[in-house]
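J.: Here is what each chain is made of, one letter per residue.
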Amino acid sequence: MKSTLSKIIGSIVLLTVGIFLGKAFFSSPKVDTVPMPSTIKYRNVGLSDETTEVAQNNEFNGQIIEVKDGASIQEAVKAANPGDLIRVYPGTYSENVYVDKDDISLQGVVINGKWPVLDGKKEINDAFLYSGNGILIENFKIINYKGNGVMGQAGNNFVIRNNWIIDTGVYGIFPQYGKNGLIEHNVVSEIADAAIYVGMCDNVDVLHNEVFDSVAGIEIENSRHCLVENNYAHNNTGGLLAFVTPGLPIKTTFDVILRNNFVVNNNHENFGAPGSTVAGIPAGTGVLIMAADDVIVENNIITGNNNSGITIVDLATGAPKANDPNSEGNPDRVVILDNIMYENGNDPTGELKAIMLTQMDTKGPDIFAYGGGTGSTILDKNKYRTFGLDGYGVALIRDTKDIPTMMTPSPVPVRSVSKEEIGELTYYGVCAGCHAFGTRLIGPPTEIIQAIHNGNPQGIVDYINNPKNLREDYPEMPPQDYLDDNAKMAVAEYILALKE
Amino acid sequence: MRTKSIILKSSVSGVLITLILLAISSKNNSADSYEIISKLNNHCPPGFKLNENNKCIAQNLYMQYDSPNNKGVGGLRTGLPEIRDGFSPQEIDLGRYLFFDPALSGDRKISCATCHNPDKGFSDGLATSLGSNNQKLKRAAPSLWNVAYLKKLFWDGRATSLEEQMQGPLFSEEEMNNTPENLLKTLNSIETYKEMFAEAFPKMKKESSIELNQVYKSIAAFQSSLISLNSKYDRYAHGYHQALNENEIAGMNVFRSFVARCAECHTPPLFTNQQFAVIGTPEPDGLPLDPGAEEAFQDKTLRGAFKVPSLRNIAKTAPYMHSGNFKTLRETVEFYTKGRGHAVPKDEDLIIHWHIWDPELSDYELDRVVDFLKTLTDETFTPKIPESLPSRLKPSI
Chain A
1 MKSTLSKIIG
11 SIVLLTVGIF
21 LGKAFFSSPK
31 VDTVPMPSTI
41 KYRNVGLSDE
51 TTEVAQNNEF
61 NGQIIEVKDG
71 ASIQEAVKAA
81 NPGDLIRVYP
91 GTYSENVYVD
101 KDDISLQGVV
111 INGKWPVLDG
121 KKEINDAFLY
131 SGNGILIENF
141 KIINYKGNGV
151 MGQAGNNFVI
161 RNNWIIDTGV
171 YGIFPQYGKN
181 GLIEHNVVSE
191 IADAAIYVGM
201 CDNVDVLHNE
211 VFDSVAGIEI
221 ENSRHCLVEN
231 NYAHNNTGGL
241 LAFVTPGLPI
251 KTTFDVILRN
261 NFVVNNNHEN
271 FGAPGSTVAG
281 IPAGTGVLIM
291 AADDVIVENN
301 IITGNNNSGI
311 TIVDLATGAP
321 KANDPNSEGN
331 PDRVVILDNI
341 MYENGNDPTG
351 ELKAIMLTQM
361 DTKGPDIFAY
371 GGGTGSTILD
381 KNKYRTFGLD
391 GYGVALIRDT
401 KDIPTMMTPS
411 PVPVRSVSKE
421 EIGELTYYGV
431 CAGCHAFGTR
441 LIGPPTEIIQ
451 AIHNGNPQGI
461 VDYINNPKNL
471 REDYPEMPPQ
481 DYLDDNAKMA
491 VAEYILALKE
Chain B
1 MRTKSIILKS
11 SVSGVLITLI
21 LLAISSKNNS
31 ADSYEIISKL
41 NNHCPPGFKL
51 NENNKCIAQN
61 LYMQYDSPNN
71 KGVGGLRTGL
81 PEIRDGFSPQ
91 EIDLGRYLFF
101 DPALSGDRKI
111 SCATCHNPDK
121 GFSDGLATSL
131 GSNNQKLKRA
141 APSLWNVAYL
151 KKLFWDGRAT
161 SLEEQMQGPL
171 FSEEEMNNTP
181 ENLLKTLNSI
191 ETYKEMFAEA
201 FPKMKKESSI
211 ELNQVYKSIA
221 AFQSSLISLN
231 SKYDRYAHGY
241 HQALNENEIA
251 GMNVFRSFVA
261 RCAECHTPPL
271 FTNQQFAVIG
281 TPEPDGLPLD
291 PGAEEAFQDK
301 TLRGAFKVPS
311 LRNIAKTAPY
321 MHSGNFKTLR
331 ETVEFYTKGR
341 GHAVPKDEDL
351 IIHWHIWDPE
361 LSDYELDRVV
371 DFLKTLTDET
381 FTPKIPESLP
391 SRLKPSI
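Chains as they are written, first to last, in the working numbering: chain A, 1 to 500; chain B, 1 to 397.
No lab work stands behind these hints, which were simulated from the structure alone.
All values reported here derive from a predicted model rather than from experimental measurement.
Check before you lean on any hint, since a few could be wrong.
Distance condition first, Cα-Cα at most 27 Å in a straight line; then the derived DSS-like pairs of lysine-lysine [stated by the list, open to error]: (1) B:Lys-232 / A:Lys-468; (2) B:Lys-384 / B:Lys-109; (3) B:Lys-109 / A:Lys-251; (4) B:Lys-232 / A:Lys-419.
Excised from the complex, chain A in its bound form:
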C-alpha cells in the first residue's frame, strides 16, 4: 500500500521535474527588453478562473521606432507601418499626434521616474487622435490640452493604459465608435466633462483606473457590453455614470456592469460647460444610471457622496431639455447586488433635496430612483436607505462572477473582402466615372483597355500610376496612384476579366 503511494508520488514528482526541465530547455527565451507591443493579449478569460494563460498573442515582427526628447512623435507615426511600435522617451512633446493607420503601438518609456510628457500648453486641442484599428497608447503623461488626452473616432481593438492625464480639457480618455477595447491603469484628473468617457462603443473594459477632481469620473454613454471594475472614483461631481444621451446616432446603453469600484466623496462643484449633459449632474452623485438598461451594480464601496449613493432616473427627469423620440428614456432592469454604502446624502441639493423634504427627510438616500423604468431588482433592500424603490423586486442573481470581461474573445476582425471584390468596388466606384463597356464616356471603353493590355494586368497598373496620353481623341487620364497597391492590381485583373 505504502509502496503504491510512494510510486504515485514519485511519478508525479518526476513528471513535474520533467515538465519544468523541458520548459526550461526547450521553450524560446523570453525577450524582456521590448514590452508587449500592438493590440491585445487575449487571456483565457472565461475558460477557467485558474489561468491567465495567453490564448492569442500577435507575434511582434514590426519595426521599433524610437522618439527622443526634441523629436516629433507625429513624424514617427508618419514613418510607421501597421505592426510597428513607437517608443517615446522622457521629454516634453507639445504636439497633436494623429494616427490614421491600423495596428500602431505608441509606448512611453518611463526612466527613473521621468515620463514622456505631452504638453498641450492650453493651445493644442488633442494629444492623441486615432481612427485606426488595433491602437495601443500607454505610459504617457498628458497635460494641458484643450480637447482630449486620447480620442478615438472608430477604431476597434484599442488599448489605452498606464497613462497619467491631468487637465486635458473636455475628456481625458474618449474612445468613440469603437468595439472591443481596454482602458486600464490610467490616472485621470481635472477634466471638465468625463475623465474617462466611453461613447457609442461596444465591448469595453474599464479597469483599475483612478479618476478624480473631474465633473464625471467614468461615463458609459450610448454603449453596450461594458465592464467598469476596480476603479477608484473620488472627488468628482459624479463618480460612475451609465446613461443614454438623446440625439446621437447610436441610441442605446445596456449590459453594463459596475463592479468592485470605490466611489467615494464625489462632491466636487460642477464645472461642466453650460449645455453639456454632465452640467446637470448634482454635486454629490456617486453612481448615476440614466435611461440605461440592464445595468448591474455589484460589490462597490459607495460612501460619502453628499447627494445620493446611487441615482437611477429616466431621461425626462435627468435631462428634461433634450428630446429624441427615438431614444427610449427609461432605465429598465437595473440590478443592485451587494454594495457597501454609508454616509451618502449628507448634503443633498436641488430636486432631490426637495423630494426628500416631502418625506420629512433632510438627508439624501443611499439609493434614489425616480421616474419610469420597469423590471429593476435589488438583492437586499433593507440594508440601505432608499427612495423610490417600491417597485423593485428581489434580484434573481447574487453575483456576476461568470462574467470576467466584456471584451470579445478574439479581436474584432476587419471585414473580409476578396481581391475580386476590391477590384469590382474600385472599377465601379472609381473607374466607372470615365470608362464603361461598350460606350465611350470620358475615357476609352473598357473593351479597348482590355485589348491594349490583354493578359498584362501590370500594364494597367503602370498606366494607372503614370498615365501617358496615347490617344489624341481622348483627354489625358489623371493618375490614380492614390489607390492602394492591392486595389490597383485587383482592379487591373478585374478589368481584364470583365465581360459585357
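With chain A held as given, fit chain B onto it using these hints.
T.: Relative to the frame of chain A, chain B by itself:
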C-alpha cells in the same frame, strides 16, 4: 445540248437562289423596322453595377469597411449608411429627363434642376430659392449629392422617402405649382414620355397611361444615382496620406477634435449623423426665426432644429445654412466659435445643442477648417444634362 441544259438549270437555280436571298433579306429589313429603338440608357450610371435582374447596385470603396452598429457613422475607414439603390438603368435615365424638364411645373418654366443645378452642387447658389413666378422661398435648396443615403429629407426632416419629399415642391403653390392631375395630363400628352415610361416600366400595360408613382420612382431613381465619394479627403481616408496637404490635415484635425466638435454631428463618412440639431444660426435681415422641425413635428423642444446636412461638395453650395445667411465657408465656420446662442433672438428660448459651445478657435484654425472642407469636393460622377427633352422644352437649370 448537255451544256445548254446545264446552263439553263444553273441559271434557273441562280435566279431561284437570288429570289430566296432577296426574300430573306427583305424579311430582315422588315424585322429591323419593327425593332424598338431604346430611348433610355441600359447602362447603370457610374458608381453602380448592373445585376442580373436589371437593377443598379451601388459599388464604392467604403464597402470594404464595417460601421459601428451598422449606422454608417464613425471615422475614416467606416462603412456608409444603408443606401437606397436597386433601380433599373431605364428608371434612372427616365428620371434624368424628368428632373431637367420644366414641363413638370405648373407654368412649364422651372424644373427640379432649377433649384438643384448640377453646376452648383445640385443647389442653386441662392440664399433661399426662387419658386413659381420668381417668388422668394423660405429656405435654401439642399444639395442632392448622396441623397440616397439620407433617411430624413427636407431641412426639417419631415419626409422619410424621396417619393414623399418630391411631392412637396412639385405641388406646392409657391414652388413648382403643379397639381397631380395636371402633371399626369402633361406627361400623357407627350408621346416620347409614354414610350419612355413603357420602357422603364415594362410591366405597364400597353396604351395605359403614365401613373404618378412611376413619375416619383423615376425621379427618386435619378436622385439616388448622384454619388460623390471620390474626393481628396476620400483618398486620404482610404490610406493615401499624400492626398491632403499639411494645411488640409491640420484642418481635418481641428474638424474632428473635441474642441471644434464638427465631426460629432458632421460625422464621416457621409459627414452627417442625420440627427436634428438646434444650433441657433441667425436669419437674414428682416426674416423671423424659422421654427424648423418644431412645426413639422409639433414639438416645442425642436424649435429651431434642422437636420444636420452632409458636407460633401460643401464648397460648391454657398451660401450656407437653412436660409443662406452666410456667404462663405469662412463665415459659416466662424459662427461656431462666436459663442453658444449668440445669434438667438432675445425673446427666444431655444434648446441649443450641447456641442455648440465656446471652442475659442483661432483665425488660423478657422482657415484650416475651410481648407479641409474644400477637400470634400468630388463631382466626377456628375450626370449629363439631356440635350433635348421629350417635352421639346429647353432643359431648365
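J.: Hints broken by the structure, by number, lowest first?
T.: Of the numbered hints given earlier, the structure breaks just one, which is hint 3.
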